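Number of protein chains: 2
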Amino acid sequence: MENFIAYNPTKLHFGKDVMDGLGSALKEFGSRVLLVYGGGSIKRNGIYEKTIHQLKSINAEVFEYSGIKPNPIIEDVDNATELGRKNKVDVILAVGGGSVIDSAKIISITIPVSHTGWDFYSGKAQPEKAIPLISVLTIAATGTEMNPFAVIQNKKTQQKLGYGHDLIYNKHSFLDPQNTFTVPRDYTAYGIADLVAHCHEAYFGEGNASLSDRLVFSINKEAIDYGKDLLENLDNYDLRAKIMYAATMALNKSTMPGRVSGDWGVHSIGHILSLLYDTPHGASLTIVIPAWLKFHKEIIPERIAFLGKNIFGVNTADETITAFENFFRSIDCPIRLRDISAGNESKKEILKLMNLNKVSGVNHKLTDQDRAEILNLFY
Amino acid sequence: MENFIAYNPTKLHFGKDVMDGLGSALKEFGSRVLLVYGGGSIKRNGIYEKTIHQLKSINAEVFEYSGIKPNPIIEDVDNATELGRKNKVDVILAVGGGSVIDSAKIISITIPVSHTGWDFYSGKAQPEKAIPLISVLTIAATGTEMNPFAVIQNKKTQQKLGYGHDLIYNKHSFLDPQNTFTVPRDYTAYGIADLVAHCHEAYFGEGNASLSDRLVFSINKEAIDYGKDLLENLDNYDLRAKIMYAATMALNKSTMPGRVSGDWGVHSIGHILSLLYDTPHGASLTIVIPAWLKFHKEIIPERIAFLGKNIFGVNTADETITAFENFFRSIDCPIRLRDISAGNESKKEILKLMNLNKVSGVNHKLTDQDRAEILNLFY
Chain A
0 MENFIAYNPT KLHFGKDVMD GLGSALKEFG SRVLLVYGGG SIKRNGIYEK
50 TIHQLKSINA EVFEYSGIKP NPIIEDVDNA TELGRKNKVD VILAVGGGSV
100 IDSAKIISIT IPVSHTGWDF YSGKAQPEKA IPLISVLTIA ATGTEMNPFA
150 VIQNKKTQQK LGYGHDLIYN KHSFLDPQNT FTVPRDYTAY GIADLVAHCH
200 EAYFGEGNAS LSDRLVFSIN KEAIDYGKDL LENLDNYDLR AKIMYAATMA
250 LNKSTMPGRV SGDWGVHSIG HILSLLYDTP HGASLTIVIP AWLKFHKEII
300 PERIAFLGKN IFGVNTADET ITAFENFFRS IDCPIRLRDI SAGNESKKEI
350 LKLMNLNKVS GVNHKLTDQD RAEILNLFY
Chain B
0 MENFIAYNPT KLHFGKDVMD GLGSALKEFG SRVLLVYGGG SIKRNGIYEK
50 TIHQLKSINA EVFEYSGIKP NPIIEDVDNA TELGRKNKVD VILAVGGGSV
100 IDSAKIISIT IPVSHTGWDF YSGKAQPEKA IPLISVLTIA ATGTEMNPFA
150 VIQNKKTQQK LGYGHDLIYN KHSFLDPQNT FTVPRDYTAY GIADLVAHCH
200 EAYFGEGNAS LSDRLVFSIN KEAIDYGKDL LENLDNYDLR AKIMYAATMA
250 LNKSTMPGRV SGDWGVHSIG HILSLLYDTP HGASLTIVIP AWLKFHKEII
300 PERIAFLGKN IFGVNTADET ITAFENFFRS IDCPIRLRDI SAGNESKKEI
350 LKLMNLNKVS GVNHKLTDQD RAEILNLFY
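For the record, the sequence lines run as chains A and B.
Start counting the first sequence at 0; every next residue gets the next number (numbering that gives the first Met the number 0).
Start counting the second sequence at 0; every next residue gets the next number (numbering that gives the first Met the number 0).
Think of the hints as simulated: they come from the structure by calculation, not from any bench.
There could be a bad hint or two in this list.
[To be verified] Distance windows between CB atoms, simulated: (1) 38/A / 8/B: 30 to 36 Å; (2) 364/B / 337/A: 56 to 62 Å; (3) 77/B / 48/A: 50 to 56 Å; (4) 302/A / 81/B: 54 to 60 Å; (5) 16/A / 224/B: 36 to 42 Å; (6) 51/A / 205/B: 32 to 38 Å; (7) 81/A / 23/B: 35 to 41 Å; (8) 82/B / 44/A: 55 to 61 Å; (9) 78/A / 45/B: 56 to 62 Å; (10) 236/A / 308/B: 24 to 30 Å; (11) 308/B / 305/A: 18 to 24 Å; (12) 78/A / 81/B: 55 to 61 Å.
For clarity, every value in this text was computed on a predicted model and none was experimentally measured.
Yeah, the Cβ is synthetic: ideal placement off N, Cα and C, and Gly gets one too.
Could you put together the complete structure from these sequences and hints?
Right under this line is the structure:
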């Protein structure tokens, strides 16, 4: 068991109608609010209206930045930062999924400094402080609502990178499972895939941590036991709630104590597919996980089998991989590249970008040759 | 799944030699330090010396209050409060187990107000703010190092009560498993019993929360899988670390999301034994748990069996109770009143105090008759 620091200052408000408390949470920090959201789905499902109602209740002065993309890009971060700087906002309110909240996190540390958002990713800037950030989550997936991480794409440098800093924790996060009722079936499944992948990254990280492993199993089992049911009952409150909370737990550092690090090899490969084909994040991961496991099954057979035993009740690494493939299929996620209509001709460009980005795990490092072998297993 | 707020601002520093960071953590808050500890065991095992070294490294002005008792009493809280008030301390440093840290928590909110410590328990006072509190934990048991609860005894009113408030979270907690190497075998076992009892209180609370149930199983299994081993290897770092972290997780609210409340019937009965016979807290619980389960086995047979299935691999409520008794016996904890040398003549005074204190669970409420029946099962 390795040394660790456990720290998570986010206050998570979870449940039915928790947005009723949004106004008073915002008011703690001031009345000039930068409201950040995505493509406008919140206007169709009523969440925007509820948000504005809360903002009006505290007489907030609101500056809106909308149009954050599903794979968020750094240009939006910089444009929203400018809006926030110019209007000297007291607090940022992000309403949306991982892309919106991740963007808002970087906006929150970019506003107070004379840098662009990407400077944190390139190492040119260090955050000094953050504009307080409050989020309303509208899709269960990334766990960003209760962690210090943010993933942004830079199309110019062809990079999709993660950034982590304690300053970017949300002050408050509001999670009402009802707000996810309108998430379509496919994106609901990708969210489940994402939480399973987060468990994967923790479990295959470095370090021997029995209780954290058991937490991985627990969270995974929620996805396995209730994920498929949810897809058949998209407006079932309790199923939405179970998956939403599991997604938060999968990446709020609960699975990390006692480990040196997570692995993140699967995510770093998945990001390449999103960069090239705009593959939804979760869908990229269900293609990568089976390939990653097959590549590693001779190297760490017992570790893979131990996972399978604890979450699927199977006995070997091979059975574990089959069980994962069956599970991903059962929630209609792609497990081969052809499932996202990328043919053999894609191989060369994927490999090129994998090597350019030096995709690898922190614990299970990948060479150029390893990448080529894993890529072969996508087909 | 019920609405909940998940919030825990304590920064937990866990692992080998983490006390090296104690000085700089204290310095965040000032240099006038109220140092609170117990009967002096920290002077024999070197922890006092390490603490003083850290305090000297930041040129702290230290005011010492020692002698906090294993079942902490309100007089010590008030005396230490007076010392802290008089010397206008900036920060409180608690070095010890649950009794020391619980006392320090109440001291931290009593210093800033014109009240005595018990006024918070009796409802006469509400905390306004808290002197920042930092702890060094020396025994794995109560979980107080990362929660907002404090249990104190009042001999005058013959009460032992719990108090909870967000203001009494530790700012930092330092947990070095090496600091628990000298905890004797019996108290090591009582700590394990305490963490199992905390799982019990969460699991039998009100509300249907599948992931929180799985966390209960996970934490329980750490105790079951490693508890007995630890008693045979008291200076094994990894075993100490597993039990120490499990004890923290058992009562840092990780097992509560989705529930309305815990139960706390077992604890409220156990406190009576401690009040009457100075029974160590953990030892009182292993007597109460089997009796509590036997009393409830006709009322909630499936709930009890589900716990047994998931942590012991057994199938019925009866088998679950036997498995708990065997486990408690295996770590040399008492499971009947005669094991702590209290005979039949004790029955009347125990029942009187149980009824006087109206001991009960929050979820599984107990009448006078229920108490008498549970008490019969102690013998």
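Return holds or violated for the Cβ distance of residue 302/A and residue 81/B against the range 54 to 60 Å. Given range 54 to 60 Å: holds, Cβ gap about 56 Å.
That 56 to 62 Å hint for residue 364/B and residue 337/A (C-beta), does it hold up? Holds - the Cβ-Cβ distance for residue 364/B and residue 337/A, about 60 Å, lies within 56 to 62 Å.
Verify the CB-CB distance for residue 308/B and residue 305/A against the hinted window 18 to 24 Å. Since the Cβ atoms of residue 308/B and residue 305/A sit about 21 Å apart, the hinted range of 18 to 24 Å holds.
Range first: 30 to 36 Å. Now tell me if the beta carbons of residue 38/A and residue 8/B are that far apart. 35 Å, holds
Per the hint of 24 to 30 Å, is the separation of the Cβ atoms of residue 236/A and residue 308/B within bounds? Given a distance of about 27 Å, which is inside 24 to 30 Å, the answer is holds.
May I ask you to test the hint 56 to 62 Å on the CB atoms belonging to residue 78/A and residue 45/B? 58 Å, holds
Beta-carbon spacing of residue 78/A to residue 81/B - inside the hinted bounds 55 to 61 Å or not: 58 Å, holds
Residue 51/A versus residue 205/B beta-carbon gap, inside 32 to 38 Å or not: 35 Å, holds
Just to be sure I understand the hint, the distance between the Cβ atoms of residue 81/A and residue 23/B should be within 35 to 41 Å; is that true here? 37 Å, holds
With 36 to 42 Å as the target window, see if residue 16/A and residue 224/B comply at their CB atoms. Given range 36 to 42 Å: holds, Cβ gap about 41 Å.
Note whether the CB distance of residue 77/B and residue 48/A lies within 50 to 56 Å or breaks it. 53 Å, holds
Return holds or violated for the Cβ distance of residue 82/B and residue 44/A against the range 55 to 61 Å. 58 Å, holds
The structure fails none of the hints (numbered hints given earlier).
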